[in-house]
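Between the sequences and the hints, there should be enough to build the whole structure, so can you do that?
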Amino acid sequence: MADIMPLALHVPEPAVRPGGVPDFSSVKIPKAGAVPRPEVDIGSEAIRDLAFSIIRVLNRNGEAVGPWSGLLTDDDLRDGLRHMLTLRTFDARMLLSQRQGKTSFYMQHLGEEAISCAFQKALSPGDMNFPTYRQAGLLIASGYPLAAMICQIYSNIRDPLKGRQLPVLYSSKPHGFFTVSGNLATQYVQAVGWAMASAIRNDTKIAAAWIGDGSTAESDFHAALVFASTYKAPVVLNIVNNQWAISTFQGIARGGAGTFAARGLGFGIPALRVDGNDYLAVHAVAQWAIERARRNLGPTLVEYVTYRVGAHSTSDDPSAYRPKTESDAWPLGDPIIRLKNHLILQGAWSEERHKQAEAEILETVIAAQKEAESFGTLHSGEKPSAREMFEGVYAEMPPHLLRQRQRAGV
Amino acid sequence: MPRMSMVEAIRDAMDVMMARDETVVVFGEDVGYFGGVFRCTYGLQQKYGTTRCFDAPVSESGIVGTAVGMAAYGLRPCVEIQFADYVYPAYDQIVSEAARLRYRSNGEFTCPLVVRMPTGGGIFGGQTHSQSPEALFTHVSGLKTVVPSNPYDAKGLLIAAIEDPDPVIFLEPKRLYNGPFDGHHDRPITPWSQHEASDVPAGHFALPLGKASVVRAGTAVTVLAYGTMVHVAQAAAAETGIDAEIIDLRTLIPLDLDTLAASVAKTGRCVIVHEATLTSGFGAELAALVQETCFFHLEAPIARVAGWDTPYPHAQEWDYFPGPARVGRALAETVEA
Numbered sequence: 001m002a003d004i005m006p007l008a009l010h011v012p013e014p015a016v017r018p019g020g021v022p023d024f025s026s027v028k029i030p031k032a033g034a035v036p037r038p039e040v041d042i043g044s045e046a047i048r049d050l051a052f053s054i055i056r057v058l059n060r061n062g063e064a065v066g067p068w069s070g071l072l073t074d075d076d077l078r079d080g081l082r083h084m085l086t087l088r089t090f091d092a093r094m095l096l097s098q099r100q101g102k103t104s105f106y107m108q109h110l111g112e113e114a115i116s117c118a119f120q121k122a123l124s125p126g127d128m129n130f131p132t133y134r135q136a137g138l139l140i141a142s143g144y145p146l147a148a149m150i151c152q153i154y155s156n157i158r159d160p161l162k163g164r165q166l167p168v169l170y171s172s173k174p175h176g177f178f179t180v181s182g183n184l185a186t187q188y189v190q191a192v193g194w195a196m197a198s199a200i201r202n203d204t205k206i207a208a209a210w211i212g213d214g215s216t217a218e219s220d221f222h223a224a225l226v227f228a229s230t231y232k233a234p235v236v237l238n239i240v241n242n243q244w245a246i247s248t249f250q251g252i253a254r255g256g257a258g259t260f261a262a263r264g265l266g267f268g269i270p271a272l273r274v275d276g277n278d279y280l281a282v283h284a285v286a287q288w289a290i291e292r293a294r295r296n297l298g299p300t301l302v303e304y305v306t307y308r309v310g311a312h313s314t315s316d317d318p319s320a321y322r323p324k325t326e327s328d329a330w331p332l333g334d335p336i337i338r339l340k341n342h343l344i345l346q347g348a349w350s351e352e353r354h355k356q357a358e359a360e361i362l363e364t365v366i367a368a369q370k371e372a373e374s375f376g377t378l379h380s381g382e383k384p385s386a387r388e389m390f391e392g393v394y395a396e397m398p399p400h401l402l403r404q405r406q407r408a409g410v
Numbered sequence: 001m002p003r004m005s006m007v008e009a010i011r012d013a014m015d016v017m018m019a020r021d022e023t024v025v026v027f028g029e030d031v032g033y034f035g036g037v038f039r040c041t042y043g044l045q046q047k048y049g050t051t052r053c054f055d056a057p058v059s060e061s062g063i064v065g066t067a068v069g070m071a072a073y074g075l076r077p078c079v080e081i082q083f084a085d086y087v088y089p090a091y092d093q094i095v096s097e098a099a100r101l102r103y104r105s106n107g108e109f110t111c112p113l114v115v116r117m118p119t120g121g122g123i124f125g126g127q128t129h130s131q132s133p134e135a136l137f138t139h140v141s142g143l144k145t146v147v148p149s150n151p152y153d154a155k156g157l158l159i160a161a162i163e164d165p166d167p168v169i170f171l172e173p174k175r176l177y178n179g180p181f182d183g184h185h186d187r188p189i190t191p192w193s194q195h196e197a198s199d200v201p202a203g204h205f206a207l208p209l210g211k212a213s214v215v216r217a218g219t220a221v222t223v224l225a226y227g228t229m230v231h232v233a234q235a236a237a238a239e240t241g242i243d244a245e246i247i248d249l250r251t252l253i254p255l256d257l258d259t260l261a262a263s264v265a266k267t268g269r270c271v272i273v274h275e276a277t278l279t280s281g282f283g284a285e286l287a288a289l290v291q292e293t294c295f296f297h298l299e300a301p302i303a304r305v306a307g308w309d310t311p312y313p314h315a316q317e318w319d320y321f322p323g324p325a326r327v328g329r330a331l332a333e334t335v336e337a
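In order, the protein sequence lines correspond to chains Z and U.
Reminder that position 173 of the first sequence reads as 173 in UniProt numbering, one-by-one numbering, no gaps.
Reminder that position 56 of the second sequence reads as 56 in UniProt numbering, one-by-one numbering, no gaps.
Among these hints, one or two may not hold up.
[Said to hold, decoys possible] Label pairs and their computed distance ranges (CB to CB): (1) U:A19 / Z:N202: 13 to 21 Å; (2) U:A337 / Z:K173: 53 to 61 Å; (3) Z:N202 / U:K47: 17 to 25 Å; (4) U:P57 / Z:Q404: 38 to 46 Å; (5) Z:S313 / U:P311: 37 to 45 Å; (6) Z:Q406 / U:A337: 30 to 38 Å; (7) Z:K173 / U:A265: 29 to 37 Å; (8) Z:K28 / U:F34: 25 to 33 Å; (9) U:T50 / Z:E382: 50 to 58 Å; (10) Z:Q406 / U:A265: 47 to 55 Å; (11) Z:G143 / U:P311: 53 to 61 Å.
Everything labelled a hint here was simulated from the structure, so no lab data went into it.
For every residue, glycine included, the Cβ atom is placed at its ideal position computed from N, Cα and C.
Now the structure itself:
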């Protein structure tokens, strides 16, 4: 044995920093259609490989291939394309609104549109999502009014949350969208509890938990996995791996494990990885996991492999920590372009129809924006009453809050 | 009326509520089959089945986090943290989530949740089986905080807590589980059965949250206390012969300020007693409120008797615990001031 050397701390670094040439050679991309589709009642050990591969349906030519294809009609897919285009257009307009000072803050989904939009399509009414701040596609695909979203972002007098919450932290029980918290990962374990409750009450509803790659390092992620596994809760545990947690590359959260999906295996939870930029693959895997939950077969962990094309938020500048052109080099491409090409190949879409759809959607979003702006923006027009500040802390206002409201003179 | 210890009263409250309301579920570490390390859930799993009362993994944030999700679904979870000293891993879920669900969702999602936890010292529990963390909860908007001091109150308040539409932190002074304790650790312990507060009504009865109780009427000084300190204060009054009016707060938030203020207006003096450490303890809030509300009635500085600002020690238990001698001295000094 050699002499013992002084210890050295290992701090992972991304392959490339600003000024460098983007390099995703470490991301192993299997061919579309290559990963098998097991029966839903399979155990986690039997599909161990699926936690280390990537389920893909759309191939390079835009064809839908393999055992995970064939679930959606052309109408469904056009619907999905419309949802993704709406989300992207909405993001662009809200980003602009923030720059114009109509709101304080915004977070976009650029490049991740397929995940929330396709997942929502696989759910049934009554199911409950426990989203992060980057799953507004769940709302859009479930038909939540765009104007209400914008009113929330503007904190105006029609804000459903009465101006109490930061922009994008939406809430809509009727649309199966649990109130978003600024505290990361907390909702992951709550989703498991909600699913346990559904099972306790012998209901048929299931829950979907959402988390990003960075937040899997939070302790609530681990609590969620052990509770989901122990009680076989009817929950789909989603991890959106967009490679970045603000400025921190996913290697800082990964702890040297092969994949985020692999985390599920230690808990005996079937774990799958899926191409997050492939609308068809996301939907197919979501449907598989949701069916498992609905049939009382327990939780499933799904890692969506994608890339955060935009800045983390309107307060962030990614050029300070990653190459500007990194998103162009991302090997899984753009979810909207991939679905568009597939539909065109099917003869179910065309460049012309796409342009027309884009124009129509922009019109719809602008109309919603105008409607919302008629009720004010953060810095113009009427605000939610200061009285609202004191409401809803408790079901009934306790004496000390009554006194404070009086003192505030509102 | 049946006579119950505090453990039995707490168990009975859960039993009554589980029978009345099938959305009430009870879980926590060792809570199911075994019936809890303090026996507070003994027999509930047998009676209501494993889906209504069950054992949880050793994960406080998991216990409270899943309970928040269950409450959002529409259940009424009543969960146990084995010792209040171990609630900190769940603090994020309590503060950031349970307390704020109603507010941040404008009432779309609510959290009718009870988090029960044994609290307080006087049992040679050392640093991690003796703490009184109530001030960490009273500081949080959206939470209610309850501390019973006897079996009657424990049952009535726990039923009210389970029925309450908002999250309630229910702190159970474990020193009082089996009998009242006045701080005289060198004397034999009497069980609850010899105390009138062990007469607990059978079936459903609820005590309103936010109502204090005057446990000893007096004219010389007002004592504000809760939990074990209610009994210590009573002993101190008896031993000093000072005609103290002792108020058991029972609920810290919402606080029954009217009862407190009326008493201090009458006595002109106020001593605040708690086991928790002094600095930024709930006593500071009480002192500020009494000062603001009763300034022109006060004839002496408001006194606080509390745990020292140290971690809870083991060997020095009785130098730390604010016993009847220390409380008695504060009463005498305040009355003479």
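Hints, one by one, checked against the model:
1. Range check, A19 (chain U) to N202 (chain Z): Cβ separation about 19 Å, and the 13 to 21 Å hint holds.
2. Checked against the hint of 53 to 61 Å, the C-beta distance between A337 (chain U) and K173 (chain Z) comes to roughly 56 Å, which is consistent with it.
3. Checked against the hint of 17 to 25 Å, the C-beta distance between N202 (chain Z) and K47 (chain U) comes to roughly 19 Å, which is consistent with it.
4. The hinted range of 38 to 46 Å is satisfied by P57 (chain U) and Q404 (chain Z), whose Cβ atoms lie roughly 40 Å apart.
5. One distance hint, 37 to 45 Å for the beta-carbon pair S313 (chain Z) and P311 (chain U), holds here, with the actual separation near 40 Å.
6. At about 33 Å, the CB distance of Q406 (chain Z) to A337 (chain U) agrees with the hint of 30 to 38 Å.
7. At roughly 46 Å, the beta carbons of K173 (chain Z) and A265 (chain U) sit outside the given window of 29 to 37 Å.
8. Against the hinted window of 25 to 33 Å, the Cβ-Cβ separation of K28 (chain Z) and F34 (chain U) comes to about 48 Å, which falls outside the hint.
9. Checked against the given bound of 50 to 58 Å, the beta carbons of T50 (chain U) and E382 (chain Z), roughly 53 Å apart, stay inside it.
10. The hint said 47 to 55 Å for the Cβ distance between Q406 (chain Z) and A265 (chain U), and at roughly 21 Å that hint is violated.
11. Against the hinted window of 53 to 61 Å, the Cβ-Cβ separation of G143 (chain Z) and P311 (chain U) comes to about 55 Å, which satisfies the hint.
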